[in-house]
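Visitor: For reference, the chains in residue letters:
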Amino acid sequence: MRLPKFAYLAPRTVADAVKMMGDAGWEGQFVAGGTDLYPNMKRRQQTPKTVISVARLAELNEISGDGKSGVRVGAGVSLTDLIEHPVIVRDYPSVAAAARTISTPVLRNMGTVGGNLLLDTRCNYYDQNYEWRRGINFCLKKDGDVCWVAPGSQKCWAVQSADLVPLMVAIGARVRLVSTLGERVIDAAALYRDDGINYLHKRHDELLADVQLPALNGWRATYKKLRRRGAFDFPVLGVAVRLDVERGGAVRAAKVILGGIAPAPVEVPDAEAALVGGSLDDERMRRAAEACYVKARPLDNTDFVMNWRKQMTKPYVLRALEELR
Amino acid sequence: MSEARQQSSIVGRPVPRKEGRAKVTGAARYVDDLTLPGMIYGATVRSTVARGRIKNITFGEGVPWDELTVVTARDIPGANAVALILLDQPYLASEFVNHPEEPIVLLAHPDKHLVERARRAVLVEIEPLPPVFTIEESAAKKEIVWGEDNTFKSYLVEKGNVDEVWSRDDVLIVEGEYRTGAQEQLYIETNGVVAVANADEGVTVWGSMQCPYYVHKALIKLFDLPEEKIRVIQTETGGGFGGKEEYPSMIAGHAALLAWKSGQPVKIIYDRAEDMAATTKRHPSLTRHRTAVTRDGKLAAQEIEFTVDGGAYATLSAVVLSRGTIHAAGPYYCPNVRINARAVATNAPPHGAFRGFGAPQSIFALERQMDKVARALDLSAEEFRRRNFIREGETTATEQIIREKVDMAGLLARAFELSGYEEKRGRFARENAGRGKVKRGIGFATFMHGAGFTGSGEVFLQSIVGCEASSDGRVHILAASTEIGQGTNTIFAQIAAEALKLDYDMVEVSRPDTASVPNSGPTVASRTCMIVGKLVESAALGLRQTLQGAGLLAEVYTADEWREACRRHTERHGALKSFSQYKAPPDVVWDDGKYRGDAYGAFAWAVYVAEVSVDLVTYDARVEDFVAVQEVGRVIHPVLAAGQIEGGVAQGVGYALYERVAWREGRMANSQMTNYIMPTALDVPPIRVHFEETPYPYGPAGAKGIGELPMDGPAPAILSAVEQATGVAFTHIPLMPEDLMKELGDARD
Numbered sequence: 001m002r003l004p005k006f007a008y009l010a011p012r013t014v015a016d017a018v019k020m021m022g023d024a025g026w027e028g029q030f031v032a033g034g035t036d037l038y039p040n041m042k043r044r045q046q047t048p049k050t051v052i053s054v055a056r057l058a059e060l061n062e063i064s065g066d067g068k069s070g071v072r073v074g075a076g077v078s079l080t081d082l083i084e085h086p087v088i089v090r091d092y093p094s095v096a097a098a099a100r101t102i103s104t105p106v107l108r109n110m111g112t113v114g115g116n117l118l119l120d121t122r123c124n125y126y127d128q129n130y131e132w133r134r135g136i137n138f139c140l141k142k143d144g145d146v147c148w149v150a151p152g153s154q155k156c157w158a159v160q161s162a163d164l165v166p167l168m169v170a171i172g173a174r175v176r177l178v179s180t181l182g183e184r185v186i187d188a189a190a191l192y193r194d195d196g197i198n199y200l201h202k203r204h205d206e207l208l209a210d211v212q213l214p215a216l217n218g219w220r221a222t223y224k225k226l227r228r229r230g231a232f233d234f235p236v237l238g239v240a241v242r243l244d245v246e247r248g249g250a251v252r253a254a255k256v257i258l259g260g261i262a263p264a265p266v267e268v269p270d271a272e273a274a275l276v277g278g279s280l281d282d283e284r285m286r287r288a289a290e291a292c293y294v295k296a297r298p299l300d301n302t303d304f305v306m307n308w309r310k311q312m313t314k315p316y317v318l319r320a321l322e323e324l325r
Numbered sequence: 001m002s003e004a005r006q007q008s009s010i011v012g013r014p015v016p017r018k019e020g021r022a023k024v025t026g027a028a029r030y031v032d033d034l035t036l037p038g039m040i041y042g043a044t045v046r047s048t049v050a051r052g053r054i055k056n057i058t059f060g061e062g063v064p065w066d067e068l069t070v071v072t073a074r075d076i077p078g079a080n081a082v083a084l085i086l087l088d089q090p091y092l093a094s095e096f097v098n099h100p101e102e103p104i105v106l107l108a109h110p111d112k113h114l115v116e117r118a119r120r121a122v123l124v125e126i127e128p129l130p131p132v133f134t135i136e137e138s139a140a141k142k143e144i145v146w147g148e149d150n151t152f153k154s155y156l157v158e159k160g161n162v163d164e165v166w167s168r169d170d171v172l173i174v175e176g177e178y179r180t181g182a183q184e185q186l187y188i189e190t191n192g193v194v195a196v197a198n199a200d201e202g203v204t205v206w207g208s209m210q211c212p213y214y215v216h217k218a219l220i221k222l223f224d225l226p227e228e229k230i231r232v233i234q235t236e237t238g239g240g241f242g243g244k245e246e247y248p249s250m251i252a253g254h255a256a257l258l259a260w261k262s263g264q265p266v267k268i269i270y271d272r273a274e275d276m277a278a279t280t281k282r283h284p285s286l287t288r289h290r291t292a293v294t295r296d297g298k299l300a301a302q303e304i305e306f307t308v309d310g311g312a313y314a315t316l317s318a319v320v321l322s323r324g325t326i327h328a329a330g331p332y333y334c335p336n337v338r339i340n341a342r343a344v345a346t347n348a349p350p351h352g353a354f355r356g357f358g359a360p361q362s363i364f365a366l367e368r369q370m371d372k373v374a375r376a377l378d379l380s381a382e383e384f385r386r387r388n389f390i391r392e393g394e395t396t397a398t399e400q401i402i403r404e405k406v407d408m409a410g411l412l413a414r415a416f417e418l419s420g421y422e423e424k425r426g427r428f429a430r431e432n433a434g435r436g437k438v439k440r441g442i443g444f445a446t447f448m449h450g451a452g453f454t455g456s457g458e459v460f461l462q463s464i465v466g467c468e469a470s471s472d473g474r475v476h477i478l479a480a481s482t483e484i485g486q487g488t489n490t491i492f493a494q495i496a497a498e499a500l501k502l503d504y505d506m507v508e509v510s511r512p513d514t515a516s517v518p519n520s521g522p523t524v525a526s527r528t529c530m531i532v533g534k535l536v537e538s539a540a541l542g543l544r545q546t547l548q549g550a551g552l553l554a555e556v557y558t559a560d561e562w563r564e565a566c567r568r569h570t571e572r573h574g575a576l577k578s579f580s581q582y583k584a585p586p587d588v589v590w591d592d593g594k595y596r597g598d599a600y601g602a603f604a605w606a607v608y609v610a611e612v613s614v615d616l617v618t619y620d621a622r623v624e625d626f627v628a629v630q631e632v633g634r635v636i637h638p639v640l641a642a643g644q645i646e647g648g649v650a651q652g653v654g655y656a657l658y659e660r661v662a663w664r665e666g667r668m669a670n671s672q673m674t675n676y677i678m679p680t681a682l683d684v685p686p687i688r689v690h691f692e693e694t695p696y697p698y699g700p701a702g703a704k705g706i707g708e709l710p711m712d713g714p715a716p717a718i719l720s721a722v723e724q725a726t727g728v729a730f731t732h733i734p735l736m737p738e739d740l741m742k743e744l745g746d747a748r749d
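Protein chains in written order, with my numbering: chain A, 1 to 325; chain H, 1 to 749.
Hints are computed from structural coordinates only; laboratory data are not their basis. Mixed in with the good hints there might be a few duds.
[Claimed, not checked] Derived pair list, reagent style DSBU-like, types lysine-lysine, alpha-carbon separation capped at 35 Å:
#1 H:K405 to H:K594
#2 H:K221 to H:K594
#3 H:K594 to H:K577
#4 H:K112 to A:K42
#5 H:K112 to A:K5
#6 A:K68 to A:K49
#7 H:K583 to A:K314
#8 A:K49 to H:K501
#9 H:K437 to A:K295
#10 H:K577 to H:K501
#11 A:K155 to H:K742
#12 H:K405 to H:K424
#13 A:K5 to H:K261
#14 H:K261 to A:K42
#15 H:K742 to A:K310
#16 A:K5 to H:K23
#17 A:K295 to H:K229
#18 H:K153 to H:K23
#19 A:K5 to H:K55
#20 H:K372 to H:K594
#21 H:K437 to A:K314
#22 H:K405 to H:K153
#23 H:K405 to A:K314
#24 H:K261 to H:K112
#25 H:K229 to H:K153
#26 A:K42 to H:K55
#27 A:K42 to A:K310
#28 H:K55 to A:K142
#29 H:K153 to H:K141
#30 A:K155 to A:K295
Because the structure is a prediction, the values reported are computed rather than measured.
Sequences are here, hints too, so could you generate the full structure?
Guide: Written out as C-alpha cells, the structure reads:
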C-alpha cells in the first residue's frame with residue numbers, strides 16, 4: 001500500500017494553518033502525528049488532496065497551567081509528552097493513565113492529544129485496504145451504500161475508538177476550535193455525534209487548537225480499557241468515570257461515559273443517578289454497573305464477539321468505581 | 001569426551017552470529033534494498049470471490065494502459081502451474097478462480113503509485129459458483145471443488161488390529177474431538193522478489209525465501225527453459241517459519257513473467273495486508289480420537305481420524321498431512337493403532353507450511369485426549385503418561401523401532417522439578433476452591449518431533465553440500481540451505497570449524513545461489529542442522545582427507561599448516577572442493593505403500609509445562625510461566641538453540657490463546673497486525689529453557705533437529721493448565737475469551 005499523491009503544507013502559525021485550510025476546502029486535511037491519517041490514506045479511506053501539517057506549530061505544543069486553575073494542553077502535544085509532563089502526572093493522573101493505554105510507545109511518540117481526540121471512527125468493514133473493501137462493494141462510510149454491520153441502516157455504526165475521548169467527556173474538558181472565522185470553545189461532550197461518518201460537531205475548516213482540563217475541585221476520575229493484549233490494541237470497550245465526592249463521602253455528582261461501543265462516547269445517566277446522593281457503596285455500584293450493561297449495545301464490528309464486550313461492561317464499570325472508592 | 005577436547009570445542013559455544021553484525025548495523029541487504037537499472041514495480045490483481053468463473057476483465061479509465069506491462073495467463077511461456085507436489089495451482093487463473101486472493105492479472109510500471117492505481121482500475125467480473133469453507137462441508141462433498149472427491153491426499157497407518165480391541169471387556173474406551181485454527185506465520189519481512197528475465201539470459205530471481213531450489217524447479221516449468229537458464233539467489237531473509245517454503249515460487253514466477261514481457265527488471269514486494277491475506281497459513285484441523293486403555297492404564301488401541309483443511313490447491317498438504325499423521329500417536333507405545341488421515345479442499349487460499357508442519361495439530365489433539373483418558377481412568381495425567389511412554393526397542397505407530405536412547409520419564413521429572421509442578425498443582429487446586437475470581441492452573445504436554453524429511457523423503461532429495469578451501473586456507477560452505485534468522489550460517493560454520501579444528505572465523509558460508517551452490521534441499525522440516533549439518537561436517541572432513549592424502553597435511557596440524565597446505569594444493573591442482581551427498585543411516589527403512597517403517601532418522605523429545613491464570617470476570621487467560629525441557633542431541637549453539645525454543649513457545653502461546661484468523665467467505669478479514677492478535681512482549685511469559693543432551697551418532701557433532709519442536713507443545717500444555725484453572729477441558733484452539741465466557745459464563749449463571 002502506498003500513499004496517494006498529495007500536497008503537503010507546513011504552516012508556521014495557527015493563523016496560516018487555518019487560512020490554508022480555508023483555501024483547500026473539502027480537499028484539505030490537518031495532520032499532526034499522522035499515525036491515524038496516513039494508514040487511512042494508504043487504504044484510501046481518506047483521500048485529501050492537501051495535507052496541512054500542524055505538528056510543528058509552537059502554539060499547539062504547549063502545556064500550561066496547573067490543577068488549581070486548570071490546564072491547557074495543546075492539541076499538537078505528543079501523547080508521550082502528555083504522559084511524562086510533571087503537572088499532568090501530579091494533578092491529572094487519570095489523564096496520564098488513559099493516554100498510557102493508547103497504542104505503543106513508538107506510536108505515542110508520534111501521535112498527539114488532538115489526533116486522539118479526533119481519531120477516525122473504526123469498523124471491521126472500513127479499516128481494510130481498498131481491494132478488500134471493493135470485494136464487499138465498499139460500505140456506507142466510504143465509497144458504498146450499505147452498512148454491513150446493520151444492513152438496511154441509513155446510519156454508519158463505525159465505533160469511537162480513542163482512549164482519551166471518554167475520559168475528556170467525563171471530566172468535562174473543553175476544546176478550543178479555531179478557523180478563519182474566529183474561535184470557539186465547546187465542551188468535549190459537544191464535539192462528538194452519534195454518526196460513524198460525521199462523527200464530529202466540528203466544521204471541516206476548524207482546527208482543534210487545545211483541550212482545557214478543568215480545575216481540580218474535589219473530583220477524581222479514572223479510565224478502564226478492555227483489550228486483548230497487555231499492549232497495543234484499540235479499546236473494544238472503554239469506561240470513564242468522574243466522581244465529585246463531598247467531605248462526608250457522599251457522591252455529589254457523577255459522570256459515566258462508555259467508549260468503544262458506538263459512533264460517539266455514550267453517557268449513562270441512569271448510572272450517574274444511581275451513584276449520586278450517598279456514599280459509594282456496593283449497592284450503588286452494582287446499580288450503576290447494571291445501568292451501563294443495559295445501555296451498552298456494541299455491534300458486531302470490532303474484534304471479539306459483541307456479547308463478550310457487552311458482558312464486560314459490568315465488571316469494567318465496577319473496576320472503575322472500585323478504584324475511585 | 002576429554003576435558004581438553006571440550007575446552008577447544010567450537011560446538012556448544014555461543015559464538016557471534018555470522019551475519020549478526022550486518023543485520024544490527026543495517027548493512028544487510030534484504031530484497032527491497034535491491035535496485036537494478038530500469039527496474040519497474042509489479043502488482044497483482046486478485047480474485048475477491050471464493051469460487052467462480054471469470055466472465056470478463058475490464059481495464060478501467062484514467063490509467064495510461066499502454067505504459068503498463070499487463071500479464072494474464074495467456075502470456076505464460078511454459079506451464080501455468082506452480083510446480084510443487086502436484087501441478088494443480090495456476091500462476092494466474094484463466095477461467096476459474098478457486099479462492100479469494102487468487103492471482104488473475106499482473107501489472108508493472110516504473111511508477112509504484114501508478115501501478116497501485118492501475119490495480120484498483122482493473123475490474124474482474126466473476127460469476128460465482130457455490131463454495132466450500134469447512135472441513136465438514138468438504139468431506140461431505142457438499143460441492144466438489146477439487147479433483148473427484150475434494151481429497152488432496154489420504155493415509156492409512158495400521159499397526160496391530162484396533163478392531164479386536166473395542167470389544168474386549170478389559171478395556172475402557174474414551175472418545176474425543178479436537179480442532180485447531182489457521183495461523184499466520186508473521187515473519188517480519190513480507191514476501192518479495194526481484195526478477196530479470198529474457199530469452200538471452202534466461203531468468204534470474206533474487207528474493208526472500210527458504211528454498212532456492214524449489215523456486216528454481218518451479219521457474220523451469222513456468223518458462224520451459226533448461227535448468228542452467230534459471231538462477232535463483234536468496235537475499236537476506238527476515239524470517240520464514242514455513243511461510244517462505246512454497247509461496248516464493250508463486251511470487252517469483254509473477255515477477256519473472258512481468259520481467260519476461262516487459263524486458264525490464266521487476267520488483268514485487270507485498271505489503272503486510274496482501275501478505276497476510278494471500279499467502280499460506282497453517283492448516284486448520286479436525287481430529288477424532290477413540291482410545292482403548294486397560295484398567296491398569298496401558299494404551300490398548302488408538303484410532304485416530306485426522307483431517308486438515310488444505311485450502312483450494314494441493315501445495316504441500318500431502319506432506320503436512322504426512323507429518324501430522326506420523327506424530328498423531330505421539331511418544332507412547334500402543335500395540336494397536338489405526339490412523340486415517342485426509343487433507344481436504346476448501347475455497348480458502350491454500351494453506352501451507354508453517355513450523356511444525358501438521359504435527360502441532362495432531363499433537364494438540366493427542367495430548368488433550370491423553371488428559372481425557374487419564375481422567376477417565378482416575379489417574380493423574382503424568383502417571384498415565386509414565387505408564388505409556390515409548391522406550392528404547394519399542395515401536396511407534398508406524399512400527400519404527402526406537403533405537404536411540406529415550407527417557408521421557410526423565411524429561412518429565414526434570415520439567416516438573418524446574419516448574420515446581422507438583423507443589424503448584426496442589427496449591428492451585430486448594431486456592432481455586434476459594435472465592436477468588438482469578439483461578440490458576442498448571443499443565444503440561446509430552447511430545448516428540450521427527451527431524452528431517454518424512455519416510456523416504458531424504459533419500460529422494462539426495463541432498464548435496466560442498467566445501468571449498470581457498471588458497472588462503474579459508475573454508476567456504478556451499479549449500480542451498482538458507483539463513484532465515486534461525487542461525488544456519490553460524491551453526492554450519494561451527495560444525496565445519498569443529499570438524500577441521502579450525503577457528504570459527506576461518507569458515508564462511510556462501511550465499512545460496514543456484515548458480516554456485518549445490519542443492520542441499522529445502523530449509524524446512526528441522527533438517528538443516530541434523531541432515532544438512534551432517535553433510536557440512538563430512539564435506540569439510542573431505543577437504544582434510546584430500547590434503548592429507550596428498551601428503552600436504554599431517555594428522556595433527558596448526559592453522560598455519562592448514563593454510564600452507566591449502567595454498568600448495570590450490571597452486572598445484574586449482575580449486576580445492578569436496579562434496580558430500582546424503583545417505584540414509586543404516587537400518588532406516590520406509591515403506592511408502594504401507595506407510596510403515598522408520599519415519600525419521602531421529603526424534604527430538606520434550607516435556608513442556610505451562611502455568612496460566614484465568615480471570616473469571618473478564619475470561620482472560622494468560623500464560624504466567626513456562627518451562628521447556630527437551631532432548632535435541634548435542635546443542636551446537638546454546639543461545640541460538642534457546643532462541644529457537646523461546647520463539648517457538650511464543651508462537652505456540654499465540655496459537656493457543658490469541659491468533660484467530662477471522663474468515664469471511666474464505667477471505668481473511670483481519671489481515672492487519674492491529675486485529676490479528678499475536679502476543680506481544682507483555683503477553684509472553686518467562687520461558688525457561690532446558691536441554692538434556694544425548695549425542696545422536698548420525699547428527700553433526702551429535703546434534704538432532706530443533707526448529708519445529710517448540711511449536712508442538714505449548715498449545716496442549718496451556719489448555720491442560722486452563723483445564724485445572726477452570727475445570728473445563730477445552731478441545732479447540734485458539735481459545736479466546738469469548739469461548740471461555742461461553743462455557744464458564746453459562747455454568748455460573
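Visitor: If you draw a straight line from the CA of A:K155 to the CA of A:K295, is it 35 Å or shorter?
Guide: holds (19 Å)
Visitor: Starting from H:K153, check that the Cα of H:K141 is at most 35 Å away, please.
Guide: holds (15 Å)
Visitor: Does the structure keep H:K112 and A:K42 at a Cα separation of 35 Å or less?
Guide: At roughly 13 Å apart (the allowed maximum being 35 Å), A:K42 and H:K112 satisfy the hint.
Visitor: Taking 35 Å as the top limit, are the C-alpha atoms of H:K261 and A:K42 close enough?
Guide: holds (29 Å)
Visitor: Do the alpha carbons of H:K405 and H:K153 lie within 35 Å of each other, as the hint requires?
Guide: With Cα atoms ~34 Å apart, H:K405 and H:K153 stay inside 35 Å; holds.
Visitor: Need the status of pair A:K295, H:K229: alpha-carbon distance at most 35 Å?
Guide: The hint is violated at about 68 Å.
Visitor: Are the Cα atoms of H:K437 and A:K295 separated by 35 Å or less?
Guide: holds (25 Å)
Visitor: Does the alpha-carbon distance linking A:K68 and A:K49 stay inside the 35 Å limit?
Guide: violated (43 Å)
Visitor: Check whether the Cα positions of H:K372 and H:K594 lie no farther apart than 35 Å.
Guide: holds (30 Å)
Visitor: Between the alpha carbons of H:K594 and H:K577, is the straight-line distance 35 Å or under?
Guide: At roughly 41 Å apart (the allowed maximum being 35 Å), H:K577 and H:K594 break the hint.
Visitor: For H:K577 and H:K501, compute the direct alpha-carbon distance and say whether it is at most 35 Å.
Guide: Between H:K577 and H:K501 the Cα gap is close to 18 Å, so the pair holds against 35 Å.
Visitor: Is H:K153 close enough to H:K23, meaning Cα to Cα at most 35 Å?
Guide: Given that 35 Å is the threshold and the Cα spacing comes to 41 Å, the pair is violated.
Hint compliance for this structure: hints 3, 6, 7, 8, 17, 18, 23 are broken, all remaining hints hold.
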